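Residue numbers (the working numbering): 988 to 1144.
If you're looking for bench data, these hints aren't it; they were derived computationally from the structure. Remember, it's a predicted structure, so these values are computed and weren't measured experimentally. Beta carbons are placed, not taken as given, at the ideal position from N, Cα and C, and that holds for glycine. Careful: at least some of the hints might be erroneous.
[As the list claims (entries may be wrong)] Restraint ranges, calculated between C-beta atoms of paired labels, are given here:
(1) N1091 to H1015: 25 to 33 Å
(2) H1086 to L1027: 35 to 43 Å
(3) H1015 to A1117: 24 to 32 Å
(4) G1127 to G1017: 37 to 45 Å
(5) R1082 to N1125: 22 to 30 Å
(6) Q1063 to G1017: 29 to 37 Å
(7) E1119 to F1085: 43 to 51 Å
[Claimed, not checked] Below are the EDC-like pairs computed for lysine to aspartate or glutamate, each with C-alpha atoms no more than 16 Å apart in a straight line:
(8) K994 to D1064
(9) K994 to D1089
(10) K994 to D1047
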Amino acid sequence: MTTLQGKTALVTGASAGIGLATARMLSHAGARVICCARALERLQIQLDEMPGPGLAVELDVADAVSAASLPDRLPQDWQAVDILVNNAGSDIGGRQPFHEGDINQWAGTIQTNVTGLMQVTAAMLPGMLAREQGHIVNIGSTQGLTPVAGCGAYTAS
């Protein structure tokens, strides 16, 4: 495995699933990991199980203010993020026939999965550009390749 010693990674949606697994992998590879999610308490518990240094930060990617303020909410010695992993995702409303769907739920899914990714990237990218280094990894779902009936907004996002 590649060593990430001395690197700082930020993972959104890090409280469970792929985000948590990614944060653990990055920690095992030597990176300092900033774990972000809405569930701050759950993040704290997860950090205790990681081998390297970590930081839990409450973040709602769908909230423009939460995303835009992210760099300033990080302690000074954690602000130089080398790796951004946009993983946070949501399927608000779950599976339902299109004609029974709720436009507000669809909008919530798009806000989290598309706009949220863009908002976090817009917040973190200036620091990467200023340092002339950084990597951005965007996690997607296999539903983008193989749609599932009743999951229109999630598949589209």
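Against the structure, the hints come out as follows:
Evaluation of the 25 to 33 Å hint for N1091 and H1015 yields a failure: the beta carbon distance comes to about 40 Å. H1086 and L1027 have their C-beta atoms about 38 Å apart, which keeps the hinted 35 to 43 Å range intact. Taken as a hint, the range 24 to 32 Å holds for the pair H1015 and A1117, whose Cβ atoms sit roughly 29 Å apart. As the Cβ distance of G1127 to G1017 is approximately 26 Å, the hint placing it in 37 to 45 Å is violated.
The supplied range of 22 to 30 Å is met by R1082 and N1125, whose beta-carbon atoms lie about 24 Å from each other. Range check, Q1063 to G1017: about 21 Å between beta-carbon atoms, so the 29 to 37 Å window is missed. The beta-carbon spacing between E1119 and F1085, approximately 46 Å, falls within the hinted interval of 43 to 51 Å. Taking the CA atoms of K994 and D1064, the gap is about 12 Å. The hint holds against a cut of 16 Å.
Between K994 and D1089 the alpha-carbon distance is near 42 Å, which puts this suggested pair outside the 16 Å criterion. For the hint linking K994 to D1047, the alpha-carbon distance of about 24 Å lies beyond 16 Å, and the restraint is violated.
Violation of the numbered hints given earlier is confined to hints 1, 4, 6, 9 and 10; the remaining hints are satisfied by the structure.
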